Structures are given as C-alpha cells and as structure tokens.
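**Student:** Please model the complete structure; the sequences and the hints are all you need to start from.
Protein chains in written order, with the working numbering: chain A, 23 to 136; chain B, 3 to 112.
No wet-lab data here; the hints were simulated from the structure. Bear in mind that the values here come from a model prediction, so they are computed numbers and not experimental data. Think of the CB as a built atom: it goes at the ideal place given N, C-alpha and C, for glycine as much as any other residue. Treat the hints with care, since some could be wrong.
[Unchecked claim] Which chain B residues stay away from chain A? Per the calculated CB distances, all over 10 Å, these:
id	residue
1	Leu13
2	Val21
3	Lys59
4	Ser84
5	Pro112
[Unchecked claim] These stretches of chain A come out as covered by chain B in the derived footprint (C-beta under 8 Å, 3 or more residues):
id	segment
6	59-67
7	73-80
8	127-133
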Amino acid sequence: KAGVTQTPRYLIKTRGQQVTLSCSPISGHRSVSWYQQTPGQGLQFLFEYFSETQRNKGNFPGRFSGRQFSNSRSEMNVSTLELGDSALYLCASSYGGTEASQQFFGPGTRLTVL
Amino acid sequence: AQRVTQPEKLLSVFKGAPVELKCNYSYSGSPELFWYVQYSRQRLQLLLRHISRESIKGFTADLNKGETSFHLKKPFAQEEDSAMYYCALGSGAGSYQLTFGKGTKLSVIP
Numbered sequence: 023k024a025g026v027t028q029t030p031r032y033l034i035k036t037r038g039q040q041v042t043l044s045c046s047p048i049s050g051h052r053s054v055s056w057y058q059q060t061p062g063q064g065l066q067f068l069f070e071y072f073s074e075t076q077r078n079k080g081n082f083p084g085r086f087s088g089r090q091f092s093n094s095r096s097e098m099n100v101s102t103l104e105l106g107d108s109a110l111y112l113c114a115s116s117y118g119g120t121e122a123s124q125q126f127f128g129p130g131t132r133l134t135v136l
Numbered sequence: 003a004q005r006v007t008q009p010e011k012l013l014s015v016f017k018g019a020p021v022e023l024k025c026n027y028s029y030s031g032s033p034e035l036f037w038y039v040q041y042s043r044q045r046l047q048l049l050l051r052h053i054s055r056e057s058i059k060g061f062t063a064d065l066n067k068g069e070t071s072f073h074l075k076k077p078f079a080q081e082e083d084s085a086m087y088y089c090a091l092g093s094g095a096g097s098y099q100l101t102f103g104k105g106t107k108l109s110v111i112p
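**Tutor:** What follows is the structure in structure tokens.
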C-alpha cells in the first residue's frame, strides 16, 4: 500500500497570504487528521475529518480550515498568514472506526512565512 | 484539559543498558495511550499502544492509572533505537484527536 502523501513538501509564503496544503490518505482510510509541529509547541492537533465531515477540532483560530473530499483526500487552508504559522504540517490517516486505530503519518509540508 | 508530559528532552544511554522514557498524562476520562517514534529522516510512526499490550522491537509500556503514567521501557538498548519518541494521549474510544508530549530524544552510545 502506498503511504500517506502530502503536497507540496515545502512552501514559502509572505505574511497576509493564504495557503492550501493537500493530503492523500492510504487507500481505504476514511479519517484524516492534521497536526501542526513547531519547536516551541511541539505537535498540536488541528482537526480531523471523516467521511467529508469535520469530527474533531483543536484549539486554533478560524484562519485554519479544512475539508475532505469524497475520495477521502483532504486539504487544509490557512488564510491571512502570520509569521507564527511557520511550521511543519503533518497529516495522518486511519480507518476511522470506533475502536482505537493506528494513525499513519505523512512526511509533512514545511511552511515558511516571511 | 488533556496534557502529556515527557520530562526529559534528551536521554543518553550506553548500548546494552536499560532504557526508560517517562510519560505522564492528565485526563479525567478513560485514556488511550500511544508511543510514536521518529527515526532520522523518517516519518512519525506508531511504536505501540496500551490497548494492545504488546512488545515491539523489545519495547514495552504499561499504563498505570494510579500514577497516570505510561513509561516506555526496554531492557537492553541498541544503537538503532536512537530516535525521537513521543507519548500521545487519545481522548476516548475511537478518538482521532491525539495530544502529544514534547518528545524525548533517545541517543544510544555505542
């Protein structure tokens, strides 16, 4: 099985711009979660989508949004970028059932905001 | 609020020595605990989860609800164990919202 893929791998933007990151889950996985990783705050949960619906949401401002398509691919969008949004953004996919399920992580998208 | 604490940023041990990576959590409900590992230049991957009660690559972890701990242990460290280790807490059955600790970098000295 192909692993979780994320595009692009690297991105440089300037303050005030917006950005869209993409995540393709493992075939058959219906849940996609997004995390932000920074040296100061570590790994922080952004949101989780299952069957095109946001099922869980972390404590991030409304500038961070996401969506999931019928093929389970997911995108996350950050509007009005701030310097503090510079981070590694990870997505993870899983089957999404009711029991604890292993999450498989992608390689991440490194976002730099100048 | 959920919280995961990994008190050691860096842990150095000699090859063949025992390893214990500490993890304490704060959660009022029934927790699901995981250990994730990230080897150099590789993506984050699941090492083990408390619900499976299994040993992976010689590592074990026992959930102690009284002490709210989920320490990761291995009796004899190997050089290939050098990596970043993250303890993570899921907030209930089927939870896909993980709260991660800040991680511990394990360095095994040959």
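**Student:** Confirm or reject each hint.
**Tutor:** Right, here's what the structure says about each hint:
For Leu13/B, the condition that its CB be more than 10 Å from all CB atoms of chain A holds, with the nearest at approximately 17 Å. No Cβ of chain A comes within 10 Å of the Cβ of Val21/B; the nearest lies about 21 Å off, and the non-interface call holds. Under the 10 Å C-beta cut-off, the non-interface status given to Lys59/B relative to chain A holds; the minimum distance is some 15 Å. Distance check on Ser84/B: its Cβ is at least 19 Å (rounded) from any Cβ of chain A, clearing the 10 Å threshold; non-interface status holds.
At the 10 Å boundary, the C-beta of Pro112/B stays outside the reach of chain A, the nearest C-beta of that chain being 28 Å off. Coverage of a stretch by a chain is defined here by at least three residues with a beta carbon nearer than 8 Å to that chain's beta carbons; for the segment 59-67 of chain A and chain B the count is 4, and the condition holds. For the segment 73-80 of chain A, the assignment as covered by chain B holds, since 3 residues bring a beta-carbon within under 8 Å of that chain's beta-carbons and 3 suffice. Only residues whose beta carbon comes within less than 8 Å of a beta carbon in chain B count, and the segment 127-133 of chain A has 4; three or more means the coverage holds.
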